[in-house]
Amino acid sequence: MSPRGHTDGNPVNDRCQPAHAALRRGVRPSEDPALAGHLAGCPACATLAGGPALVGALDAAAPATAPVGAWLAEAEAMLARERGPRAWLHSRTTAQRTGLAAAGAGLVPLLVWLAWRRIDAGVYPTGRLLLDVGVVLLPAAWLLVAAMRPLHRPAWPRAVAWLGLGLAVAGVLAGAWLEPAHHAHPASLAGTGPQLVPRALACLAFGTGLGLPALLWLVALARGGERPSLLAVVAGLAGGVAIFLHCPIVAPEHLVLGHAPVMLVVLALMTAWGLATGLATRRRARGPR
Amino acid sequence: MFAPVPDEVSDEALMAAHVAGDPSAFASLFRRYAPRLQRLLQRDLGRGEDAHDLVQQTFLQLHRARHDFRPGARLRPWMYTIALNLKRQHFRRLGRRPEAALADDDPAHEPVAPHGNPESPIHDAQVRAVLEQLPDPQREVIVLHWFEGLSFREIAAVVGASQPAVKVRAHRGYKRLREVLEAQV
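Order-wise, the sequence lines are chains A and B. Our numbering numbers the first residue of the first sequence as 1 and each following residue consecutively. Our numbering numbers the first residue of the second sequence as 290 and each following residue consecutively.
Simulated from the structure, these hints should not be mistaken for lab results. All of these numbers come straight from a predicted model, not from anything done at the bench. Every residue gets a Cβ at the ideal spot worked out from N, C-alpha and C, and that includes glycine.
Pairwise CB distance ranges, derived in the manner of DEER restraints:
id, chain 1, residue 1, chain 2, residue 2, range
1, B, Q473, A, G99, 50 to 58 Å
2, A, I119, B, R336, 55 to 63 Å
3, B, P312, A, I119, 53 to 61 Å
4, B, A302, A, V256, 54 to 62 Å
5, A, G193, B, F380, 44 to 52 Å
6, A, A66, B, S451, 31 to 39 Å
7, B, G310, A, R15, 29 to 37 Å
8, A, G193, B, D342, 51 to 59 Å
Pulled a few chain A residues facing chain B out of the computed Cβ check, cut under 10 Å:
id, residue
9, R15
10, T47
11, G50
12, L58
13, A61
14, W71
15, E76
16, M78
17, Q96
18, L151
Isolated chain A (complex conformation) (with noise of 0.2 Å):
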């Protein structure tokens, strides 16, 4: 057995590849000290040594693999076609993707703090403000990273999505869990009553709305590789905090009806879309009948 075993190239430390080698020629332990010395330190090719036949199998159990040359034309093609805006934020880094990221979502909420800054912001407490805002933006942040995270890392379990999920919900609902900051502010004490439906539709249609244009820089952001889901989720919650940030009414049961399922929609309109754009694909692959 050679000390280095085939690396195509690449010069690395594979130390099981010459055993592999040895061991699809044939070779046995007992002929070779380099091969026993390696299994007696590697169980797993071992296993593989011990076995009646096992690497003649296995390598028969490979599939049958066509011829790849014309690929290359094709995707010569594809990497042709990565040009434009959109390409070039395709390829800048992770960290800065994210960043640009997060700054888009979170210019939606900052310019309607400057420009459509709720009535009552003047008498609604600033701590309460910041932990309304806080536990929104943190899961958000959560799932920003989980979402962006680039195909070249391994995926994280998806326990990390769920949790940030759980949290961005405990979230928006925690201002309602909350007594209301204050009613110091008589545009604060509307939407209840028969005001409750109309103002909290009004509510989500605006919130939607102020989610959507965060929907879109994230989606022109995404590579291709990351989760629609997770995209629309953090853009729903920045609609959420954009129109919490906006509405002056404290009434709980408007913030459960009118501001939490931003998220939701904002969500469900990313499921209709993704849906609806994979059947045209579908569609396109199978061609004209």
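Using the hints, position chain B against chain A.
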């Protein structure tokens, strides 16, 4: 104008050249890795067209992520990680993991004569069936270790586990295969 890239150039040097804008570097990487990735993906996907699509997507994603590649990093784990993540996404979109393409009636799949017992051939479809029955983490490690020739360090980087963990998975997977084959011989 770029000079042709010699075959012995390392993956990392090719990737650096691709990032610098050398088109022949991408072609060299493609020629080097497309057959391996096709083999890797074909094993689980069954359908050749799906493997073709995912190989192309793997290279597209590699290109898009090119500025994430840092000097000193290894390219091979990157390629396999992208391919396996895309494969998982493909299955997630389908909502299931398709049955393996076990073509018992395929004449291309001939029985294998074992070294120690030529009288008791093992059909390759049986081996693939056993591979299919292994838990995903074990099968993935075996495929990367035996078929793709990755080191345990590289496999650990690809699957996001520690080296001892992937060694244990490989050992258990090979042991299971061996037990089944011993029972059949």
